[in-house]
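Colleague: Each chain, written out:
Number of protein chains: 2
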Amino acid sequence: MRNLNWTAAEKKIAREAFDRAYAAESQAIRRELNSMLNQRRKTDAEVIWSMHEYLVERRREIDRKYDYRYSVLIMVFGQLCAQGWLDLDDLAGLDEDKLHGIRRILKA
Amino acid sequence: MRNLNWTAAEKKIAREAFDRAYAAESQAIRRELNSMLNQRRKTDAEVIWSMHEYLVERRREIDRKYDYRYSVLIMVFGQLCAQGWLDLDDLAGLDEDKLHGIRRILKA
Chain U
30 MRNLNWTAAE KKIAREAFDR AYAAESQAIR RELNSMLNQR RKTDAEVIWS
80 MHEYLVERRR EIDRKYDYRY SVLIMVFGQL CAQGWLDLDD LAGLDEDKLH
130 GIRRILKA
Chain Y
30 MRNLNWTAAE KKIAREAFDR AYAAESQAIR RELNSMLNQR RKTDAEVIWS
80 MHEYLVERRR EIDRKYDYRY SVLIMVFGQL CAQGWLDLDD LAGLDEDKLH
130 GIRRILKA
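Going line by line, the protein sequences match chains U and Y.
Quick note, the working numbering runs 29 ahead of the 1-based positions in the first sequence.
Quick note, the working numbering runs 29 ahead of the 1-based positions in the second sequence.
With the rest of the complex left out, here is chain U (with noise of 0.2 Å):
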């Protein structure tokens, strides 16, 4: 997987559908902070911390998964399908190949 070669094409779709899965996570964590920030039976203390670690988690998180090395692509296409944050729709127009490859992780 490591050693695939992207058309000027594939990289167009790759670098759109990371980008279309890294904005989809940002909103998904957007609305679970105005839900933490909304929640009514908790002291401010309780629900400022919670997000500070919530948010801190998430960060870490994020780092290590959007990772638009191309000898890592087919890997994170693979987890960001899995976890709902892409479908394999959004890759069409990859080879054979690295469709293969994320259908792999997909079913891991």
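There's no promise every hint is true.
Note: identical chains are not told apart, hence a pair may lie in one copy or across any two.
Result set (EDC-like, lysine to aspartate or glutamate): computed pairs, CA atoms no more than 20 Å apart in a straight line [claimed, not checked]: (1) LYS71 / GLU61; (2) LYS136 / ASP118; (3) LYS136 / ASP126; (4) LYS41 / ASP126; (5) LYS94 / ASP73.
Since the hints were derived computationally from the structure, they do not count as laboratory data.
As the structure is a computational prediction, the values presented were derived from the model and not from experiment.
Since the structure of chain U is already known, use the hints to place chain Y on it.
Modeller: For chain Y alone, kept in the frame of chain U given last:
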């Protein structure tokens, strides 16, 4: 300042003032988070990571500032008054030595 004696009555006043300042500051942070979360001109990613950065800074600052050891409490109260999280009125009932120490820091 480090070897002041704290009577039971003073400890009660100190604890209540300390907790009040902490609650006020937590509330202000929650309001700021609400304002950040509702910024319309930023992307979701910009909003959530600016909140992350803000909370990491606040956590560091608050952990350092809210130190309830009697050996440093005069300094802590001086700082909380200087920053507007407490009034000297909140500390009424502490003896004159302590109030003098707090006012001295407040004016520094």
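Colleague: Now look at each hint and say whether the structure bears it out.
Modeller: Going down the list of hints, with the structure as the test:
In this homomeric assembly, LYS71 and GLU61 come within 20 Å of each other (Cα to Cα) both inside a single copy, at 16 Å, and across copies, at 17 Å. Taking CA atoms no more than 20 Å apart as the test, LYS136 paired with ASP118 passes inside one copy only; the shortest distance there is 16 Å, against 65 Å between copies. For the homomeric pair LYS136 and ASP126, the shortest alpha-carbon distance inside one copy (16 Å) is at most 20 Å, but the shortest distance between copies (71 Å) is not. Within a single copy, LYS41 and ASP126 get their C-alpha atoms as close as 17 Å, which meets the 20 Å cut-off; across copies the closest is 71 Å, which misses it.
In this homomeric assembly, LYS94 and ASP73 come within 20 Å of each other (Cα to Cα) only across copies, at 18 Å, whereas the closest approach inside a single copy is 31 Å.
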